[in-house]
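Chemist: In terms of UniProt numbering, the sequence shown opens at residue 1 and continues consecutively.
Certain hints may be false.
[Unchecked claim] List time: in silico DMTMM-like cross-link candidates among lysine to aspartate or glutamate, alpha-carbon distance up to 20 angstroms:
#1 Lys59 to Asp70
#2 Lys41 to Asp29
#3 Lys41 to Asp72
These are calculated hints, taken from the structure and not from any lab test.
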Amino acid sequence: NNNKKNWLDLKLENINVKYKNISIEELEDLLTVKQRYPLIKSVNFKIIKLLTKTWPKQKGANEVKTIINDCDIVVRTFFSETELISSRYQDYYTEAINHCDEHRKPKTY
Numbered sequence: 001n002n003n004k005k006n007w008l009d010l011k012l013e014n015i016n017v018k019y020k021n022i023s024i025e026e027l028e029d030l031l032t033v034k035q036r037y038p039l040i041k042s043v044n045f046k047i048i049k050l051l052t053k054t055w056p057k058q059k060g061a062n063e064v065k066t067i068i069n070d071c072d073i074v075v076r077t078f079f080s081e082t083e084l085i086s087s088r089y090q091d092y093y094t095e096a097i098n099h100c101d102e103h104r105k106p107k108t109y
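Could you build all of it, start to finish, from the sequences and the hints given here?
Modeler: Shown next as structure tokens:
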């Protein structure tokens with residue numbers, strides 16, 4: 001249990017220090033944390049936020065839509081309505097869904 005806590009603390013600390021700008025690597029690290037600890041509300045919120053601007057490696061639109069839906073359930077379950085409103089969560093969620101939908105559209109040349 002202590003090892004898990006230490007791993008999580010170190011991983012989250014590295015994510016906060018390592019990434020000043022939005023990056024695919026930050027998203028990948030957060031997705032790794034989410035795999036081990038799926039119910040951390042701040043991780044799920046940050047994933048939604050990052051999915052408004054970046055795209056995970058080797059993931060299709062359907063996979064990303066599933067990630068968004070999974071994160072959304074956690075965020076809406078563990079954040080209060082006041083927190084959701086003050087953080088503009090719905091805006092980020094809508095933007096992430098729109099970004100996902102853009103990846104679904106066939107490319108026209």
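Chemist: Mind checking the alpha carbons of Lys41 and Asp29 for me, to see if they're no more than 20 angstroms apart?
Modeler: Distance of about 15 angstroms is within 20 angstroms: holds.
Chemist: Between the alpha carbons of Lys59 and Asp70, is the straight-line distance 20 angstroms or under?
Modeler: 15 angstroms, holds
Chemist: Lys41 and Asp72 were given as a pair; does the straight-line alpha-carbon distance stay at or below 20 angstroms?
Modeler: 9 angstroms, holds
Figure legend: structure checked against the earlier numbered hints; every hint is met.
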